[in-house]
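Enquirer: Below, each chain spelled out in residue letters.
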Amino acid sequence: SQQGEEDPQALSIQEGENATMNCSYKTSINNLQWYRQNSGRGLVHLILIRSNEREKHSGRLRVTLDTSKKSSSLLITASRAADTASYFCATDGEYGNKLVFGAGTILRVKS
Amino acid sequence: EAGVVQSPRYKIIEKKQPVAFWCNPISGHNTLYWYRQNLGQGPELLIRYENEEAVDDSQLPKDRFSAERLKGVDSTLKIQPAELGDSAVYLCASGRETQYFGPGTRLLVL
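So the protein lines, in turn, are chains A and B. Counting in the working numbering, the first sequence runs from 1 upward without gaps. Counting in the working numbering, the second sequence runs from 112 upward without gaps.
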């Protein structure tokens, strides 16, 4: 069963625009992670935010976490065509080392 | 540093045939995972190993799926017999808090 639900399911933007993806989950978490998957490839870890953190940055990525609403968002600023991929949120529960993934958001960046 | 290696990358078999997937994790990673990813979905955990011990196999369909991790390094996931519904991408990952994924094996059961 998948805990996280990403919104929107698909997003199409122009190069240079910002992309925002949202993730909602159901149970208490230890941390929440975002992964990217290019077509036909494995997943690549992007960023991890712990349950006691509210915001985190990494390059053009900004992640927020609201544990009261059980939701997270991923913002990609100044998007590039190379950002075209599927993005998944994954929650690591209280017992650790068991990631539960959402269904993902398909991002298309048009050049 | 080499990443997670999986083979084969693609496999096409007829239903009721057996199939096996192999994974070599990142050197030094004691934790190894097998996931199944259906089209349009996120990965779902099948089994997690700590060294050679399977510590979470609650999602593994044990009637037809088996896995092993001899010597706590490489791992093999087997399906016997395969069914049409087993068509999916099988991903191996290693690491603890952050997981590093291999490219996956795309299985098509005809």
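Among the clues, some could well be false.
Keeping only pairs whose Cα atoms sit at most 25 Å apart, straight-line, the calculated SDA-like set for lysine to any residue is [as the list claims (entries may be wrong)]: (1) A:K98 with B:V220; (2) A:K98 with B:N135; (3) A:K26 with A:G59; (4) A:K69 with A:A81; (5) B:K122 with A:K69; (6) A:K98 with B:V116; (7) A:K98 with A:E15; (8) A:K98 with B:K127; (9) B:K122 with A:A85; (10) B:K127 with B:E161; (11) B:K127 with B:V220; (12) A:K26 with B:A178; (13) B:K122 with B:R207; (14) A:K26 with B:K122; (15) A:K110 with A:K69; (16) A:K56 with A:G40; (17) A:K69 with B:N141; (18) A:K98 with B:I123; (19) A:K98 with B:E179; (20) A:K69 with B:N135; (21) A:K110 with A:S73.
Derived by calculation from the structure, the hints in this document are not laboratory data.
Enquirer: Are K26 of chain A and A178 of chain B close enough, with their CA atoms no more than 25 Å apart?
Expert: Between K26 of chain A and A178 of chain B the Cα gap is close to 30 Å, so the pair fails against 25 Å, i.e. violated.
Enquirer: Is K98 of chain A close enough to E179 of chain B, meaning Cα to Cα at most 25 Å?
Expert: This hinted pair holds, its Cα atoms lying about 19 Å apart.
Enquirer: Quick one, are K122 of chain B and R207 of chain B close enough, alpha carbons at most 25 Å?
Expert: 29 Å, violated
Enquirer: Hint check: K69 of chain A vs N141 of chain B, CA-CA at most 25 Å. Holds or violated?
Expert: 34 Å, violated
Enquirer: For the pair supplied as a hint, K110 of chain A and K69 of chain A, is the alpha-carbon distance within the 25 Å limit?
Expert: Given that 25 Å is the threshold and the Cα spacing comes to 32 Å, the pair is violated.
Enquirer: For a C-alpha distance cap of 25 Å, please report whether K98 of chain A and K127 of chain B respect it.
Expert: 31 Å, violated
Enquirer: For the pair supplied as a hint, K110 of chain A and S73 of chain A, is the alpha-carbon distance within the 25 Å limit?
Expert: 22 Å, holds
Enquirer: Straight-line Cα separation of K98 of chain A and I123 of chain B no greater than 25 Å?
Expert: Judged against 25 Å, a Cα distance of about 30 Å means the pair is violated.
Enquirer: Take the C-alpha atoms of K127 of chain B and E161 of chain B, compute the straight-line distance between them, and say whether it is at most 25 Å.
Expert: 31 Å, violated
Enquirer: Would you mind confirming whether the straight-line C-alpha gap from K98 of chain A to V220 of chain B stays at or under 25 Å?
Expert: 28 Å, violated
Enquirer: Is K26 of chain A close enough to K122 of chain B, meaning Cα to Cα at most 25 Å?
Expert: 36 Å, violated
Enquirer: Can the restraint linking K127 of chain B and V220 of chain B be considered satisfied, given a maximum Cα separation of 25 Å?
Expert: 9 Å, holds
The structure fails to meet hints 1, 3, 4, 5, 7, 8, 10, 12, 13, 14, 15, 16, 17, 18 and 20 from the earlier list, while all remaining hints are met.
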